[in-house]
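**Student:** Residues per chain, in single letters:
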Amino acid sequence: MEGSLVRVNLLLAGVGGQGLITMGKIIAEACSLSNTRVLVAETHGLAQRGGAVNVHVRIGDVMAPLIPLGEANYLVALEAMEALRNINYCNKETNIVLNREVVRPVVPKVKMLSIKDVSDTLAGYRTFTVDASKMAHEAGNPRAANVVMIGFLYGLGAFRDLVDRGSFLKAVRSETNVRAFEAGEGIAMASRLTASL
Amino acid sequence: MKTSIKVVLGNEAIATGALAAGVSVAAAYPGTPSTEILESIAKYGKGVYTEWSSNEKVAFETAYGAAMVGARAMASMKHVGVNVASDSVSSSSYTGVEGSLVLVSADDPSMWSSQNEQDNRYFGLQYLIPVVEPYDPQSAHLLTLRSFQLSDSLKHPVMLRTNTRVSHVRAPVEILPPAEPVKGKLMKDPHRYVLAPENARRDRKEQLKRWERAKSMVEELNEIEGEGRTLVIASGIGYPYVKEALEDLHLRAAILKLSTPVPIPRRLILKALESADVVALVEELDPVVEMQLKSIMFEEDVRVKFFGKDLLGREGELTLDRTRRFLGKVFNVDVPEVPSLEVAVPPRPPAMCSGCPHRSSFIDLKKGLTSAGLGKSFISGDIGCYTLGVLPPFDSMDSGTDMGSSLGLANGVYRATGEVDVAVIGDSTFFHSGLSALANAVYNNLPVMVVVLDNRSTAMTGQQPSPSKEIDIAGVARSLGVEYVKVIDPFDTSNSVKVFTEAAKWVKTNNKPAVVVAKRACALDAMDNVEGKPPVALVELTKCTGCSICYDFFTCPAIIPREDKKALIDPDECIGCGACVPVCPFKAIRIEGDEPMGWREAWLG
Chain A
1 MEGSLVRVNL
11 LLAGVGGQGL
21 ITMGKIIAEA
31 CSLSNTRVLV
41 AETHGLAQRG
51 GAVNVHVRIG
61 DVMAPLIPLG
71 EANYLVALEA
81 MEALRNINYC
91 NKETNIVLNR
101 EVVRPVVPKV
111 KMLSIKDVSD
121 TLAGYRTFTV
131 DASKMAHEAG
141 NPRAANVVMI
151 GFLYGLGAFR
161 DLVDRGSFLK
171 AVRSETNVRA
181 FEAGEGIAMA
191 SRLTASL
Chain B
1 MKTSIKVVLG
11 NEAIATGALA
21 AGVSVAAAYP
31 GTPSTEILES
41 IAKYGKGVYT
51 EWSSNEKVAF
61 ETAYGAAMVG
71 ARAMASMKHV
81 GVNVASDSVS
91 SSSYTGVEGS
101 LVLVSADDPS
111 MWSSQNEQDN
121 RYFGLQYLIP
131 VVEPYDPQSA
141 HLLTLRSFQL
151 SDSLKHPVML
161 RTNTRVSHVR
171 APVEILPPAE
181 PVKGKLMKDP
191 HRYVLAPENA
201 RRDRKEQLKR
211 WERAKSMVEE
221 LNEIEGEGRT
231 LVIASGIGYP
241 YVKEALEDLH
251 LRAAILKLST
261 PVPIPRRLIL
271 KALESADVVA
281 LVEELDPVVE
291 MQLKSIMFEE
301 DVRVKFFGKD
311 LLGREGELTL
321 DRTRRFLGKV
331 FNVDVPEVPS
341 LEVAVPPRPP
351 AMCSGCPHRS
361 SFIDLKKGLT
371 SAGLGKSFIS
381 GDIGCYTLGV
391 LPPFDSMDSG
401 TDMGSSLGLA
411 NGVYRATGEV
421 DVAVIGDSTF
431 FHSGLSALAN
441 AVYNNLPVMV
451 VVLDNRSTAM
461 TGQQPSPSKE
471 IDIAGVARSL
481 GVEYVKVIDP
491 FDTSNSVKVF
501 TEAAKWVKTN
511 NKPAVVVAKR
521 ACALDAMDNV
531 EGKPPVALVE
541 LTKCTGCSIC
551 YDFFTCPAII
561 PREDKKALID
571 PDECIGCGAC
581 VPVCPFKAIR
591 IEGDEPMGWR
601 EAWLG
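Taken in sequence, the protein lines are chains A and B.
Following the numbering used here, the numbering of the first sequence begins with 1 at its first residue and continues without gaps.
Following the numbering used here, the numbering of the second sequence begins with 1 at its first residue and continues without gaps.
The hints are simulated quantities; they were obtained by calculation from the structure and are not laboratory data.
Do not take every clue at face value.
Listed below are the simulated DSSO-like cross-link pairs for lysine-lysine, each with C-alpha atoms no more than 27 angstroms apart in a straight line [to be verified]: (1) B:K533 x A:K134; (2) B:K565 x A:K109; (3) B:K505 x A:K111; (4) B:K46 x A:K25; (5) B:K505 x B:K376; (6) B:K309 x A:K111; (7) A:K25 x B:K2; (8) B:K367 x A:K109; (9) A:K170 x B:K6; (10) B:K46 x B:K2; (11) A:K109 x B:K543; (12) B:K271 x B:K183.
Okay, the calculated beta carbon distance ranges per label pair [as the list claims (entries may be wrong)]: (13) A:M112 x B:C547: 16 to 22 angstroms; (14) A:E175 x B:N116: 57 to 63 angstroms; (15) B:F586 x A:D164: 46 to 52 angstroms; (16) B:Q126 x A:V110: 34 to 40 angstroms; (17) A:D164 x B:G578: 35 to 41 angstroms.
Built from N, CA and C at the ideal position, the CB exists for glycine as well.
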């Protein structure tokens, strides 16, 4: 929390089947390649099937597997509405990264929220919206929205000096994933630039 | 020894720990959060016999039998699986073993994927079996090895108790190399292993002697860290939470890191208590350590200020917030509550997959029951993906309590009301513990319609194989004496509805059980077994009236409403299974594209 301890808490949220576990795996692999301590707490079993899922990623001087309420440094929602479901892990300093995508829950007569509804509810939070699914398509792997988001986090500086770029490029493995990572990284750099102007 | 660092799941760390210990026989029944243990042993173990047993009792007995003849053996299961295995777990503590026997119990505090959050450390107290409890993947790896060593030295079973936040946490782990599997050799000792009263009485004395040895042998698995007049005893997963919470709150305390919650290390605890004025105990779920600790303190006349379950609570998993608040009260430090926001978000429960045969089965069943005049019947369900039948739009499950319970509960409901009811059970659950209940239904003449949802696998835990691949359920039902047995394809809606109607009427008329087997493969499994691009369903917008039946009453995840309420099929989500085609009353859905190689075989083989 303070002093010499360095901790990064990333909460990954979305819908079962969107690649959240893989996203956690890639980050864990990259941390390991950079000799950084990491814990990734996953949700398995029934919740995988179209249900709401979150994955807790804790990096640095960490021992406990779960992020405390109000202490996520980053919340990444591969499905935008899922950011709202996990809002209690955020504080006003948390960077909330939304994929520009809503997925209809498999529930009869469900009332959906739009991206705009989600953004409006998050007014007052530090929010970024990324076309991760679209960018993944363009990078040649429609399933790589998770990797676009990792690139975006990296571009924002989420991993501080704990994980180096080379570790990520190695951990994402495929060529299309490297492109997806770079695409995400690129727009994060651009948004940092805009923010500092 | 040469170790390697790999990023693994806690369960893989347990599996590789077992391999490092020389396990030679490993058996399990799948169940979250335990499943990946056996999967990993099967994947990485060379010369190790592994099997998915038909239930946890058989899995445990497989390991127990192997350990009787000197092998190093392990059985792994979720916490409620130990209930099923408990009869033989109890016996194993009486007889002890020649080799080593480790039972892995994967508990699920907060019930992420289970019907309860029972604390299986109680089994240790009840059956006099030492319980070893890790707190992260690395400790799980090492403590698995230590559990085998403990069992080997004691000649007694040992329980390794993990939980969701150990088993399903991924982290870099330093992994020991596998050892040569230690097999058994045929040996006999009936005076020990046949628990006839005379033998059992002798075994009981031996069991108590081993338990005394266990009490002293567990001492070395626990340690004291740091110093202070406050002693925090942290059991299992409590340890990392305590470490971080103390750091966060800048507090100093002596920590007793407990890896054996049963039995607790008496000597070490007394040593730690010598310099303590205040004792705070952090353990998840029930006061298992607390009861033993208080008993020791009473016996030794130790009087200290004590904080435990009264302040920490016993419900749900531990969190850092909860541990901080607890330690805040112990140290009289203010820990502010994090304000909680209420934000309206649409519910998102788990759902049956696109192409799931259960969806069609439930819709067909509902129609069949209604047309047979049994639309209000009690539907006794069971444990599997199909438990989702409780959710709307199906609303087709009135109970679902534990593995194999559907038939027994249906029996009770009928005996108490005289109303014909329905039992819905999956194929893997049928072989797990439904068989004996079906025999009972025949033997005691239960008028029940049994629906076996045979998707050819143990789907919920990740499509492990099920005995249904080898054993024909309809044949089993006939040979048990069920007179009405029919097999349907749930996608063949009109025939399925007809058979469900007929079966329900037959039960009412004949006052005997009928069995309908709804046979079609799990969609995830089927898609793994086809080569090439599957076909896709399309909506003809000129025919679609926007009636909403397909997305609100059938609820395939691939079908979504457009702005004008007409249906749209998401081509990325659709697998072209065709289940929705007969659902549309306006014939507006058609399938386009050719069936890839192996398509029919994958679904119906």
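**Student:** Now tell me, hint by hint, if it's right for this structure.
**Tutor:** Against the structure, the hints come out as follows:
| no. | hint | result |
| --- | --- | --- |
| 1 | B:K533 x A:K134 | holds (22 angstroms) |
| 2 | B:K565 x A:K109 | holds (11 angstroms) |
| 3 | B:K505 x A:K111 | violated (40 angstroms) |
| 4 | B:K46 x A:K25 | holds (26 angstroms) |
| 5 | B:K505 x B:K376 | holds (14 angstroms) |
| 6 | B:K309 x A:K111 | violated (42 angstroms) |
| 7 | A:K25 x B:K2 | holds (25 angstroms) |
| 8 | B:K367 x A:K109 | holds (21 angstroms) |
| 9 | A:K170 x B:K6 | holds (15 angstroms) |
| 10 | B:K46 x B:K2 | holds (18 angstroms) |
| 11 | A:K109 x B:K543 | holds (22 angstroms) |
| 12 | B:K271 x B:K183 | violated (40 angstroms) |
| 13 | A:M112 x B:C547: 16 to 22 angstroms | holds (19 angstroms) |
| 14 | A:E175 x B:N116: 57 to 63 angstroms | violated (47 angstroms) |
| 15 | B:F586 x A:D164: 46 to 52 angstroms | violated (58 angstroms) |
| 16 | B:Q126 x A:V110: 34 to 40 angstroms | violated (46 angstroms) |
| 17 | A:D164 x B:G578: 35 to 41 angstroms | violated (49 angstroms) |
Of the numbered hints given earlier, the model fails hints 3, 6, 12, 14, 15, 16, 17; all others are met.
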